[in-house]
Amino acid sequence: MELLIITAFITAVSFIVNRKKTIIGIKKGFIRFITIIPALLLMLVLTSFALALLPQDIFARFLGGDNPWLAALMGLVGGSVAVMPGFIAFPLGGILREQGVLYMVIAAFTSSLMMVGVVTFPVEKQFFGIRFALFRNLFGLIISALVALAMGFAFGELLP
Amino acid sequence: MKKGKLLTWVLILLSLVYILISLFLDWETGKEAGEFLKKNVIEMIAILPCAFILIGLFESWVKRETVEKHLGEGAGWKSYLWVFLLGGITLGPMLVALPVASALWKKGAALSVIIAYLGASAVCRIPMTIFEASYLGIPFTLVRYLTAIPLVLVSALMMGRALKGKMP
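Going line by line, the protein sequences match chains D and S. What the first sequence shows, in the working numbering, is residues 1 to 160, in sequence order. What the second sequence shows, in the working numbering, is residues 1 to 168, in sequence order.
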């Protein structure tokens, strides 16, 4: 909703200042949007089937295990393949925390959720090529793992 | 390239046909996938057209020289400061950040700078940070920032160097 208001406002100002540039800009944006539609649709279809196939309580089941390393690994994998907006992910993180899930596991999940995108991969590949997409996601995964590790130490979950 | 596009469309069509058949034959998985797809598409329709209009306006208003000067090769450390600020105010998921990064890149921003932008938009988007801090506590956010930001910078520099001249 905020985005809609901001867009409308900026477009209106732009239109008042320079009509031609605004029309060219909207056209450019439109063409860009059209070119990613196939990749986007594929992503949406894949996500929808993944959501339909997975049971609802899968997160709590996998992230709450006794072995912190395994749980964190699950968090990384889950965050990498999942797609959900922050306003769902963080409340979920809060719920998981109340159920006793470790901070490092939650961090592994939320961080890889934001930095690694298995399902957005087709879109990323479309924009920057496969090499870029592979590298960036790999680095995102490594960074998420290190963030989780730092959480484990910072919150005393990994101390001997 | 063409083969990949064809495969994409074939996969999409097959999935849609599967959902359609599920509606008639009452298959649970297909019906549920259809529900999710509807929700996902509606959500995308709410975000993406706005994002792309803004990106298009950016492209028609901002000169290539301006981007090159501030975000191009040799623009120095300040370029990273800029993209972290830009990443912080980016609205929406990676799906919005990607076309923004692509637009910056086409206008002459350095490769490592746009990688840093993508990282920044994943690490320190302001609306997301507020949610995070309120559900998981400020210490959690602080630890994440302190580890992720330096790592994003290092990885951006490494990737920028590794991919130089190897982009499509």
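Heads up, a few of these hints could be off.
Now the stretches of chain S that chain D is said to cover, found in silico as 3 or more residues with beta-carbon under 8 Å [to be verified]:
id : region
1  : 144 to 152
2  : 160 to 166
Restraint ranges, calculated between C-beta atoms of paired labels, are given here [unchecked claim]:
id : chain 1 : residue 1 : chain 2 : residue 2 : range
3  : D       : 2         : S       : 66        : 18 to 28 Å
4  : S       : 162       : D       : 9         : 18 to 28 Å
5  : D       : 9         : S       : 66        : 28 to 38 Å
6  : D       : 13        : S       : 46        : 35 to 45 Å
7  : D       : 15        : S       : 9         : 19 to 29 Å
8  : S       : 81        : D       : 146       : 19 to 29 Å
9  : S       : 138       : D       : 68        : 17 to 27 Å
10 : S       : 28        : D       : 19        : 44 to 54 Å
11 : D       : 138       : S       : 145       : 20 to 30 Å
12 : D       : 53        : S       : 66        : 24 to 34 Å
13 : S       : 64        : D       : 60        : 17 to 27 Å
14 : S       : 6         : D       : 84        : 22 to 32 Å
15 : S       : 66        : D       : 6         : 15 to 25 Å
16 : S       : 29        : D       : 65        : 18 to 28 Å
In case anyone wonders, no lab produced these hints; they're calculated from the structure. From the three backbone atoms N, C-alpha and C, an ideal C-beta is built for every residue, glycine too.
Verification of the supplied hints:
Here the region 144 to 152 of chain S counts 6 residues with a CB under 8 Å from a CB of chain D, which clears the bar of 3, and the coverage holds. Counting residues of the region 160 to 166 of chain S whose beta carbon lies closer than 8 Å to any beta carbon of chain D gives 3, which reaches the threshold of three, so the coverage claim holds. Between residue 2 (chain D) and residue 66 (chain S), the C-beta spacing of about 26 Å keeps the proposed range 18 to 28 Å intact. Distance hint check: the CB atoms of residue 162 (chain S) and residue 9 (chain D) are about 40 Å apart, inconsistent with the given range 18 to 28 Å.
Take residue 9 (chain D) and residue 66 (chain S): their Cβ atoms lie about 22 Å apart, and the range 28 to 38 Å is violated. Range check, residue 13 (chain D) to residue 46 (chain S): Cβ separation about 22 Å, and the 35 to 45 Å hint is violated. Restraint check, residue 15 (chain D) to residue 9 (chain S): a C-beta distance of roughly 36 Å breaks the suggested window 19 to 29 Å. A beta carbon spacing of about 23 Å between residue 81 (chain S) and residue 146 (chain D) agrees with the range 19 to 29 Å that was offered as a hint.
Here the CB-CB span from residue 138 (chain S) to residue 68 (chain D) is close to 23 Å, well matched to the stated 17 to 27 Å. The given range of 44 to 54 Å is respected by residue 28 (chain S) and residue 19 (chain D), whose C-beta atoms sit roughly 53 Å from each other. At about 22 Å, the beta-carbon gap between residue 138 (chain D) and residue 145 (chain S) stays in the expected band of 20 to 30 Å. Here the CB-CB span from residue 53 (chain D) to residue 66 (chain S) is close to 47 Å, at odds with the stated 24 to 34 Å.
Between residue 64 (chain S) and residue 60 (chain D) the beta carbons are some 50 Å apart, a value that contradicts the proposed interval 17 to 27 Å. Checked against the hint of 22 to 32 Å, the pair residue 6 (chain S) and residue 84 (chain D) passes, with Cβ atoms roughly 30 Å apart. As the Cβ distance of residue 66 (chain S) to residue 6 (chain D) is approximately 21 Å, the hint placing it in 15 to 25 Å holds. The given range of 18 to 28 Å is respected by residue 29 (chain S) and residue 65 (chain D), whose C-beta atoms sit roughly 27 Å from each other.
Consistency note: the structure conflicts with the earlier hints numbered 4, 5, 6, 7, 12 and 13.
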